[in-house]
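Number of protein chains: 2
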Amino acid sequence: MKATGVVVEHNPFHNGHFYHIKESRKKTAADIIIAVMSGNFLQRGEPALVDKWCRTEMALKAGVDIVIELPYVFATAQASDFARGAITLLEAMECDAFCFGSEEGTIEPFTRSYEVLTTQQEAYQNSIKQYMNLGLSYPKALNEAYADITKDLNFSFVDLSKPNNILGYHYIEAAFHMKARIQPVTIQRIVANYHDDVDQNQSIASATGIRKALFEEGSLEALEKFMPQTSLDQLLKWKDSVSVFGSWQQFWPLLRHTIIRSSIQDLASFAEVTEGIEHLIYEAAKESETFEEFMIRVKSKRYTWTRIQRMLTHIYTGFKWETLKEHPKPTYLRVLGMTQNGQKYLSEKKKNLSLPLVSRVAATKDSLLEIDIRASDLYQLGLQSSKINTPVGMDYRKPPIIL
Amino acid sequence: MKATGVVVEHNPFHNGHFYHIKESRKKTAADIIIAVMSGNFLQRGEPALVDKWCRTEMALKAGVDIVIELPYVFATAQASDFARGAITLLEAMECDAFCFGSEEGTIEPFTRSYEVLTTQQEAYQNSIKQYMNLGLSYPKALNEAYADITKDLNFSFVDLSKPNNILGYHYIEAAFHMKARIQPVTIQRIVANYHDDVDQNQSIASATGIRKALFEEGSLEALEKFMPQTSLDQLLKWKDSVSVFGSWQQFWPLLRHTIIRSSIQDLASFAEVTEGIEHLIYEAAKESETFEEFMIRVKSKRYTWTRIQRMLTHIYTGFKWETLKEHPKPTYLRVLGMTQNGQKYLSEKKKNLSLPLVSRVAATKDSLLEIDIRASDLYQLGLQSSKINTPVGMDYRKPPIIL
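From first to last, the protein sequence lines are chains G and E.
Residue numbering for the first sequence follows the working numbering, starting at 11 and increasing by one per position.
Residue numbering for the second sequence follows the working numbering, starting at 11 and increasing by one per position.
Read the hints as simulated data drawn from the structure, not as lab findings.
One thing to keep in mind: the hints can contain errors.
No copy labels: a pair is met if it fits in one copy or bridges any two.
What the hints assert, rightly or not - List time: in silico DSBU-like cross-link candidates among lysine-lysine, alpha-carbon distance up to 35 Å: (1) Lys37 - Lys161; (2) Lys296 - Lys375; (3) Lys37 - Lys354; (4) Lys150 - Lys339; (5) Lys37 - Lys375; (6) Lys36 - Lys359; (7) Lys408 - Lys309; (8) Lys309 - Lys359; (9) Lys360 - Lys296; (10) Lys354 - Lys408; (11) Lys296 - Lys335.
Using the sequences provided together with the hints, build the complete structure.
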C-alpha cells in the first residue's frame, strides 16, 4: 500500500483541508493518507477549538486514514522544530511521500532554495546579521539576505515571505537533513489566505476566519458552506456535550492565575520567554481582566503575536525545554485514530516501523508522552465546562478512534 | 496608653471573639486592643471566608483598635512559627500584655510547663523519640512524654492535649525565647469547642461551626445570634458585592489546575510537602472533580487534615520556604485598619516602634510583603466572582481602614 503523509492542525477541518487531502491522494496516487496532527495546543500558541479526538474524527470522516499525534514539544515549537517532528513521524510511518500546500505550488523552487541556502550557509548567515545590524527585524533581514543570495541566479526560487512556503521549506529542510526516504510534494493552496475573514461567497475560508466567525456569531450554521457536513456535525456534537470552545479567552482565568502565582524568575524559565518579557507578562496579567486587554499590554514590535502566544502556552502547561535534552526527537507513534483501511496499512507495516506504536498510553513510559498527557489534561481543565464529566485522564481512557 | 495584644483570625468574627476582646481589655485594664490578624490564608491551611479587609472592619467595629496583618509565612505556618511571628509583632507594637483564650484559663500552669520542658529539654526529646519508636504518632508521643515528665511534680501543669492550650503554650514559648517585655495573660474560653457545630440554643458557636452552617444553609440570617450585628452586616455586604465565600470548594478549579500543571518534583518542593505525598496529591487531583473527593483520596493517618491543607495553601500560592532564609522574622508592621483611638496610640508610639510601619504597600520593598501581596491576589482570583471589578492589586490600592 502506498502512503502519503500530511501535516495538519484541522482547527477546525474545513473545505481547504478537504481539498488538501483529496489532491494529496490524487497527485501521489496514494492508497492511504496519514496525517500527523497537533494535539490540544497549536503552533500559533493557542488551545485548539476542540480537542484532538474531535479533530481526529473530523479528519477520518473526510479522507484521512490514520491520525498520528504530533507531540506537544513539536506541535507548539517554532517552524523548524515543528517540521522536524512532523517529518520524522511521517518517515517512521513508512510514508512514500508527504504533500503540503504552498503558495508556490511546485516543488523544484523549494529544493533549489534548499540547495543554495545550504551551500552558501555562511554567506547567508553573515548577510542576515548585517541586515539586523542595520535595524531590520529577523524575518525582514532573512528576506533581504535571501533576495541577495538568489537574485543573480538563473532559476526560480521559492518566495520565502509567504507563510505556507516558509513552512514547506522547513519540511523539505527537515527531510533533506535527516536524509529521509520520504519524497516531498506540494500542491497549490487555493483561494483563502491564512488570515482572511470568512467571505460568504467563497466556499473555502481560512481556519482563522472560521474560528473568528464562530466566536463572533456564536452560531455554527453560518459555517455550513465552509466545511464538510461531517465536520460541522462534529462541531455541533462538541457544542452539545462540552458547550464551550477552546480559546485563550476561555482559558484566561487559569492562565492569569498561573502567571500571577509564578515568580518572575520562574516565568523567565519557560520555553521561549526571553529578554525580560517576563516582567511585562507578569504586570499585564495583574492589570488585565480579559485576554484581549492582556495582549494589548504585552504586544510590541519586538515579538509576534504567535511568539507571545507560544510563551503563554508553555507557561500555561508548565513546559520548560530544560527538562529535555536539546533537539529531542520523536520517540513514539501515538495513533489517535484510523479507518479500516488505515488499520490494514498498520498491520502490514507494523513490524518495519522505526518507532514504537502507542495505542495504550498507560502501558508506555516516555517523557515526551507525559508532556502530551499533561497538556491534554490542562486543556480539558481550561474549558471549565460543567458539562464535562471526565475532564482529565482522557489520554488513559480513550482508545484510538476506529472508523 | 496601655495596649494589650491579641492574635486572631476572625473567620468570621463571632460572639466568642467579642467576649475575648472585651475580657482581654478588662483583665489587663487596657486602653487599646491591638490584633495581629492573619491575611487571606489561615493557619488551618484554608482561604479565609472573606478577605482581610472585610475581617478588619469586623474587628474594628467590635472592639479592636488596631489591626496588624500577620504575614503569610507566619499565618500559614505550624504553631511555633505562627506564634513567633505574632508575638514578635505585638512586642514590636509596644504592647504591655497579650491575652489569649485557653481551656486552662490561668497563666501559671503555662509558665510552669515552659520551665519544666525547657530545663528538661533533652530528656523530653528522648522520651518523645522512644514513644515514636513504639509506633505512636508525633502528637501522641508528645503527650505521653509530657505526662511522664510532669507526673511526679507537685504542681499543676497545663493540659497540652487541648488545642487552645497548645497554641497558648507556643505564644508563651515564643515570648520567653525572645525575652520579650510583653506579659502573657490568659482567659478561660467559654462554651464552644473548636469544632462544635452550631447549636441554636447557644449564643457562642465556634468559627468552624459557623462556617459550616453558612455553607450548608446558604442563609446568613441563621447566624444572627452567634455574632455581633456589625459582623453580620459585613458578611451581608460581602455577599452582596462578591457573591461567593472563600473556601477550597470554591478555589478547587484553580488549585486542581495548579497541581496537575506541576511536575512531581515541583510539587515536592513546596513548604511542608514531604515524604512522597506529592505523588498522592498529584494522582488524587487528576481523579477528583471536587475538593471533597480529593481530600478523601489524600487523607491518611499520617497527616492531619490541617497539615494537608497547609501543603495545598503553599502549592496554591506557589510559596516555597527555600526562597527565604531559615526562621525569618517579621520585618514590618502592616496596618490593615484602626479606630481613632488606635490612631492616637500610633502617633504616640510611632517613633519607638522597633519595626517600620507600612500603610502604603507600593512604597515598600520587602520579600515577606511581596508574598503577602501575591497571596492576596491569588485569593481574589480564587473567588472567581464576576462581581468583583478589581480582583487583584488590592494591596496597592486599599489604604488602611480608619473607623
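Please flag the earlier hints that this structure goes against, numbers listed from lowest up.
5, 8
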